[in-house]
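Q: Residue 1 is where the sequence shown starts when you use the UniProt record's numbering, and the numbers rise one by one after that.
Read the hints as simulated data drawn from the structure, not as lab findings. One or more hints might be untrue.
Distance condition first, Cα-Cα at most 16 Å in a straight line; then the derived EDC-like pairs of lysine to aspartate or glutamate [unchecked claim]:
no.: 1; residue 1: K93; residue 2: D155
no.: 2; residue 1: K212; residue 2: D245
no.: 3; residue 1: K268; residue 2: D155
no.: 4; residue 1: K93; residue 2: E112
no.: 5; residue 1: K169; residue 2: D155
no.: 6; residue 1: K126; residue 2: D155
no.: 7; residue 1: K264; residue 2: D236
no.: 8; residue 1: K268; residue 2: D236
no.: 9; residue 1: K264; residue 2: D245
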Amino acid sequence: MEEMMQCRRRVFSGTLKSLSMRSFPENGAEVHYHWATNCGISSARLAKCAKRHQCSSCGYTSTRSADIKRHIRIHTGQKPFQCTICANSFIGKSHLNNHMRTHTGNALQMSEAVSPRLCYLRLIGKFNNYSIIHVHAPTEDEEDFTKNLTICGNDVQDVMGDFNAKVGKEEEFRAVIGKNSFHSISIENGNRVLSFAASHNMVIGSTLLQHKYIHKITWRSPDDSIYNQIDHILIDSRHVSNLLDVRTFRRANADSDNFLVICKIRAKR
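Full structure from sequences and hints, please.
A: In structure tokens, the structure reads:
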């Protein structure tokens, strides 16, 4: 006799080559089953499909323990996520993010000018928050500017600006810079940027993606004889797949010898 086992996620019957759904009414509701001997799905795999975690108060079930912890806060009244502007607190982080927009009116949560060369911006996103650090690095004869940069938190981290750094194509830093830099050899400021990115698990997006040379150049001399790529955008390696494009836009009238650099970042979980 074929063994019939219940699965709350999928409904298969027959062989793996010919699958069809079957359902049986039970107490007014449809319950789905596997024909275990036909489809070959083991009992251990079916156990993973079941909702193993259950709330002790109301019987709510879920396949993830994190969902149960979040659900229990409804019964206990705990609200661990507190607004930094007012006294309101919330059960989930997504509820807090929606509330923060009532204070700012948009996605901007906070901004701070740390120094004349460093500013900080935090944006609220649908799936992740974004921490953006803008820098204006000194020239080669100045001290190391990266010691003033701090990266923390679970946000999508972006460091961008005028680094005054030529980044090369060194093989030992290939995981950080890729192979599409405008320059071949890194200068001193470039080595500082590479060390900072490697120590904070970040990548340089402006040298990672392939573009024409005219879309890599970020600075030109007043006599139009020297071209460099010294403005960069860094992003943490966890979200590098969200980085869609980084390139220079030469037509922007910024009244500067630096060109406008724009990046596109995809928002996803």
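Q: Would you mind marking each hint as holding or not holding in the structure?
A: Here is how each hint holds up against the structure:
1. K93 x D155: Given that 16 Å is the threshold and the Cα spacing comes to 13 Å, the pair holds.
2. K212 x D245: Holds, at about 13 Å.
3. K268 x D155: Holds, at about 13 Å.
4. K93 x E112: Roughly 23 Å between the alpha carbons, so the hint for K93 and E112 is violated.
5. K169 x D155: 29 Å, violated
6. K126 x D155: 12 Å, holds
7. K264 x D236: 14 Å, holds
8. K268 x D236: 15 Å, holds
9. K264 x D245: Given pair K264, D245 holds - Cα atoms ~5 Å apart, limit 16 Å.
When each numbered hint is compared with the structure, violations occur for hints 4 and 5.
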